[in-house]
Amino acid sequence: MTRLRISTTLIPLLAGATLASSALAEDGEPITIGAAIALSGIVQAYDADPARAAEMAIADINAEGGVMGRTLEMIYADTRSDFAQGAIAGMEVMDNGADIVIVTGDFDFGGAAARAANGRGVLAISPFAADPLFGVEGIGPYAFTFATASVSSGTIMAEWAYDQGWRTAYVLTQTTIQYDQSVTEAFVARWTELAGADALLGQDVFDIDETSISAQITRLNSLPEQPDFMVLSAFTPAGPSALRQIRAAGIDIPVLSAEDMDGDYWLDTVPGLSDFYFVALGSLFGDDPRPEINDFIARFTAEHGDHPSTAHTLTGYSAIQAVARAIERAGSTDGDALKAEFEAFDEEPLLVGPTTFTEDTHINFYRPMVVMQVQDGTHSAVELRSPEAIPGQPR
Amino acid sequence: MNIAAQHIVDMLSVGGLYALMALGIGLIFGIMRLVNFAHGELVMIGGYAIWLIADLPGPLIVVLSLAIVAIFALAMERIAFRPLRDASPATLLVAAFAVSYFLQNLAMLIFGARPKPFTFADGLIENVVVFGLRVPQLQILSLVLTILALAGLALFLKRTRMGVQMRAAAQDFRMARLVGIPANRIIALAFLVSGILAWVVSLIYAAQIGQLSPTMGLQPVIIGFVATVIGGLGSLTGAAIGGFVVGCLSVGLQIMLPGDLREFREAFLFAALLLVLLVRPAGIVATSALKERV
Numbered sequence: 001m002t003r004l005r006i007s008t009t010l011i012p013l014l015a016g017a018t019l020a021s022s023a024l025a026e027d028g029e030p031i032t033i034g035a036a037i038a039l040s041g042i043v044q045a046y047d048a049d050p051a052r053a054a055e056m057a058i059a060d061i062n063a064e065g066g067v068m069g070r071t072l073e074m075i076y077a078d079t080r081s082d083f084a085q086g087a088i089a090g091m092e093v094m095d096n097g098a099d100i101v102i103v104t105g106d107f108d109f110g111g112a113a114a115r116a117a118n119g120r121g122v123l124a125i126s127p128f129a130a131d132p133l134f135g136v137e138g139i140g141p142y143a144f145t146f147a148t149a150s151v152s153s154g155t156i157m158a159e160w161a162y163d164q165g166w167r168t169a170y171v172l173t174q175t176t177i178q179y180d181q182s183v184t185e186a187f188v189a190r191w192t193e194l195a196g197a198d199a200l201l202g203q204d205v206f207d208i209d210e211t212s213i214s215a216q217i218t219r220l221n222s223l224p225e226q227p228d229f230m231v232l233s234a235f236t237p238a239g240p241s242a243l244r245q246i247r248a249a250g251i252d253i254p255v256l257s258a259e260d261m262d263g264d265y266w267l268d269t270v271p272g273l274s275d276f277y278f279v280a281l282g283s284l285f286g287d288d289p290r291p292e293i294n295d296f297i298a299r300f301t302a303e304h305g306d307h308p309s310t311a312h313t314l315t316g317y318s319a320i321q322a323v324a325r326a327i328e329r330a331g332s333t334d335g336d337a338l339k340a341e342f343e344a345f346d347e348e349p350l351l352v353g354p355t356t357f358t359e360d361t362h363i364n365f366y367r368p369m370v371v372m373q374v375q376d377g378t379h380s381a382v383e384l385r386s387p388e389a390i391p392g393q394p395r
Numbered sequence: 396m397n398i399a400a401q402h403i404v405d406m407l408s409v410g411g412l413y414a415l416m417a418l419g420i421g422l423i424f425g426i427m428r429l430v431n432f433a434h435g436e437l438v439m440i441g442g443y444a445i446w447l448i449a450d451l452p453g454p455l456i457v458v459l460s461l462a463i464v465a466i467f468a469l470a471m472e473r474i475a476f477r478p479l480r481d482a483s484p485a486t487l488l489v490a491a492f493a494v495s496y497f498l499q500n501l502a503m504l505i506f507g508a509r510p511k512p513f514t515f516a517d518g519l520i521e522n523v524v525v526f527g528l529r530v531p532q533l534q535i536l537s538l539v540l541t542i543l544a545l546a547g548l549a550l551f552l553k554r555t556r557m558g559v560q561m562r563a564a565a566q567d568f569r570m571a572r573l574v575g576i577p578a579n580r581i582i583a584l585a586f587l588v589s590g591i592l593a594w595v596v597s598l599i600y601a602a603q604i605g606q607l608s609p610t611m612g613l614q615p616v617i618i619g620f621v622a623t624v625i626g627g628l629g630s631l632t633g634a635a636i637g638g639f640v641v642g643c644l645s646v647g648l649q650i651m652l653p654g655d656l657r658e659f660r661e662a663f664l665f666a667a668l669l670l671v672l673l674v675r676p677a678g679i680v681a682t683s684a685l686k687e688r689v
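Keeping their order, the protein sequence lines are chains P and D.
Each residue of the first sequence is one higher than the one before, starting from 1 at the first, in this note's numbering.
Each residue of the second sequence is one higher than the one before, starting from 396 at the first, in this note's numbering.
Please keep in mind that the hints were generated in silico from the structure rather than gathered at the bench.
Be careful, since some hints might not be right.
Which chain P residues stay away from chain D? Per the calculated CB distances, all over 12 angstroms, these [said to hold, decoys possible]:
1) 47
2) 56
3) 83
4) 84
5) 91
6) 219
7) 237
8) 244
9) 286
10) 305
11) 349
12) 354
13) 356
14) 365
15) 382
16) 389
One side of the interface only, derived from the structure: several residues of chain P facing chain D at Cβ under 7 angstroms [claimed, not checked]:
17) 212
18) 222
19) 226
Since the model is a prediction, treat every value here as computed from it, not as a measurement.
Glycine included, every Cβ here is placed at the ideal spot set by N, Cα and C.
So here's chain P without its partners, still in its complex pose (with noise of 0.2 angstroms):
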C-alpha cells in the first residue's frame, strides 16, 4: 500500500516535471514568424522594404526581453512572385514551425499563401493589401491586412480637393487592378456628393497594355472647358508613364492620384513635375507630421542607406507591433486566441496609426493618411487628415 501511495504521488509529480520541462523548452524557443512573400521575380521589390521594416520591428522587440519571455525569429520561403507558388511557400514556412504567416501585400499575389495559412487556422497577416477582398469575405477569418483602404484613399482625396476650392474635375483611371478602380469608385461617389454630379466633366480608362494613351489625352484637350484639377488613379509604371504624356501634352492642372504613385524612385520620368499631388499612409521625407513616423525613416536610412521606396515600409513594422501585443495578451501563439485579440483591436496605437479590427473588418478604414504634393520635382507633406465620410462604409 505504501508502494501504491508512493507511486500515486510520484505519478503527478513526475508528470508535473515533464510539463514543466517542456513549458521550459516552450519558454526558450523563439516565436516564429513565417513570411512567405517574394524573394525573387517582379514583386519582390515592393515585398523587400516591409520586409526590413519588420526585422527592424523584431530587433526592437527582442531588445526589449523579447515577447513573454520568448524571442521573435523571422523565417523566409519565396513565391517567387507567382500565385500558385504562393500556397507552397505558405505551408513551407509553416511546416518550419511558423507560428504566425506573414503574405506579400496584395489580394493576387499573397492570396494564395494567405487562404493556405486560413486553411490550418493559422494567422495570414498581409502587411498592405489594400482591397477590402483581403480579410473574412476574399481569404477568410484569419487574415488581416495593416494598409488601409483604397476606398478610404478616394474619400480623402475628394473631400482634400474640395477643401482647396477646386469645383469642377475629370477622372482617369487605369483598369488593370482593382484597387483602381475602387479608389476612382469612392472618389467619384464623394465627389459627386460633395460637389454636385455637374462637377464631374468627364471620366476615362487606361489598361496596362497600352502603349500610348494618347486618344484619352486627346479628349481631356477637347473638353469644352477644362477641370480645376484631374484624378490619375493608377499605379507605377503606367501611372508614371501616363503622367509623363499628360504633362507632355500641355495639361498643366494639378493631378490627384492615390498611393500607388507613393515613392519618389519614378520621379525622373516626369522631369520637372510640379502640382502634383497623392495620399499616402506618411511621408517618406522626414516632414510628416507625426514624429514617430519621421523617427522610423532616419533609422531606416540610417540602417538601409535610403529611405524606404514607399511608406507601405510602415505597415511591415506595425504588423510585428500588433503581432507582438496580441501573443502577450493572449499569453499564446494559437491563432484562434490570436483572431480574438486581434478583433478586440480598438484604435490600437501602432507606428502607421491607430488601428481597429472588428469580427468581419480585417481592414482599416477611418485612418489618417497624408497629403502629398510633388513641387518643382520635391516631395513634400501638405496635411495628415482622416476620411469623413467613406460612401457605403459608416464609421
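Given chain P, work out where chain D should sit, using these hints.
Relative to the frame of chain P, chain D by itself:
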C-alpha cells in the same frame, strides 16, 4: 477639325509602333516558322542599353545601344535557335518562351524589378505647334523614325541582293536553299534586321512611357504578334498593314466607344480582329508561305 487631325496623328503614331513590332516578328516567322516571343526582350534590352550609356554623346549612344541589341539578337539565334533549326514549330515556340523568360529574369537580376525612369532626351516630350496642332516632338520623331525604318526595310528587301535572298527565303526556305542561298547567313541577317527594328521600337516606346522594366517587352510583343496574324503570317507587307490596322482600330475604339463601354475596349478590339480573320482567314495579305509544303 483640329481634334480630328489630332486623332489621326494619334492613330498613325500608335499604328506605326505596332507595325515596327509586327515586322520584327513577321520577318523571323517568315524565314524560320518561329514566333519569336523573345523579340519583346530585344526591345527591353534596347531601352536599358540606351539608359546605361545615356551620358555619352548622342551619336555614340545610338551606335553603341544599337550594337548591344544586335549582339543579343545574333546571340539569341546562334545559341538558342540555330541548334533547333529542324525542330518542330512547337519546340521552337517553347524555346522562344525560354529565351524570353531568361532575359527577363536576367534584367531583373541586374537592374531589379522596380521600374527605372528613362531620362534619355527629355526635351523630346515637349510640344511643338504644327498647323495649329499641338504635337509632342516625340510623336513627330516616332513618326519620322517609323517611316524611315519602314522605307529602309523596303529598300533593303527590294533593292539589295541580301534583301532579295531574304524575301526568297521567307517565301520558301527549302527552295531558296536549293538555289544556293546560304541559310545560316540569311537567318542571322534576319535576326540582325529584326534587332534593328526592335531597337527603333525601344527608343520610341521607352521615351513615350518614360520607364524601363524587365517585363516592358511583353505587351508590345503580344500586340505585334496579333498584328502579324491579322496582316497575314509570312507576309512582310501584311505585317506592316496589320500593325497599322490594329493601332488605328485600338485608338479609334478608344475615341468612339461611349464611356461605360470603354473599359471593355479590348473585347471590342479583338472581336473586330476576329471578324477580319473570319472574312480573310489567312490574314489581310494572304501568302503561300503558310500552306503545307510538300
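Hint-by-hint comparison with the structure:
A beta-carbon of chain D is positioned within 12 angstroms of the beta-carbon of residue 47 of chain P; the least distance is around 10 angstroms. Once the 12 angstroms rule is applied to beta carbons, residue 56 of chain P is consistent with being away from chain D; the minimum gap is 21 angstroms. Residue 83 of chain P, annotated as away from the interface, keeps every beta carbon of chain D farther than 12 angstroms; the closest lies near 15 angstroms. No Cβ of chain D approaches the Cβ of residue 84 of chain P within 12 angstroms, the least distance being about 16 angstroms, so the stated non-interface status holds.
With a least CB separation of 24 angstroms from chain D, residue 91 of chain P remains clear of the 12 angstroms interface cut-off, as annotated. A Cβ of chain D approaches the Cβ of residue 219 of chain P within 12 angstroms, the least distance being about 7 angstroms, so the stated non-interface status is violated. Against chain D, the non-interface label of residue 237 of chain P is violated: not every CB pair exceeds 12 angstroms, the least being about 4 angstroms. For residue 244 of chain P, the requirement that its beta carbon stay farther than 12 angstroms from each beta carbon of chain D is not met, with the minimum near 4 angstroms.
Here residue 286 of chain P stays apart from chain D, with its beta-carbon at least about 22 angstroms from theirs, past the 12 angstroms limit. Listed as a non-interface residue, residue 305 of chain P keeps its Cβ farther than 12 angstroms from every Cβ of chain D; the least gap is roughly 14 angstroms. With a closest Cβ-Cβ approach of about 31 angstroms to chain D, residue 349 of chain P is found to remain outside the 12 angstroms limit, as its non-interface label requires. Non-interface call for residue 354 of chain P relative to chain D: holds, since the shortest CB-CB distance, roughly 30 angstroms, exceeds 12 angstroms.
For residue 356 of chain P, the non-interface assignment is confirmed: its Cβ lies about 32 angstroms from the closest Cβ of chain D, beyond the 12 angstroms cut-off. Against the 12 angstroms criterion, residue 365 of chain P stays outside the reach of chain D, whose nearest CB is about 26 angstroms from its own CB. With a least CB separation of 24 angstroms from chain D, residue 382 of chain P remains clear of the 12 angstroms interface cut-off, as annotated. With a closest Cβ-Cβ approach of about 26 angstroms to chain D, residue 389 of chain P is found to remain outside the 12 angstroms limit, as its non-interface label requires.
Hint status for residue 212 of chain P relative to chain D: holds, with the closest Cβ pair at about 5 angstroms, below 7 angstroms. Residue-level restraint check for residue 222 of chain P holds (minimum Cβ-Cβ distance to chain D is 5 angstroms; threshold 7 angstroms). Given hint, residue 226 of chain P at the interface with chain D, is violated; its Cβ is 14 angstroms from that chain's nearest Cβ, farther than 7 angstroms.
Hint check: violations occur at hints 1, 6, 7, 8 and 19; the rest are consistent with the structure.
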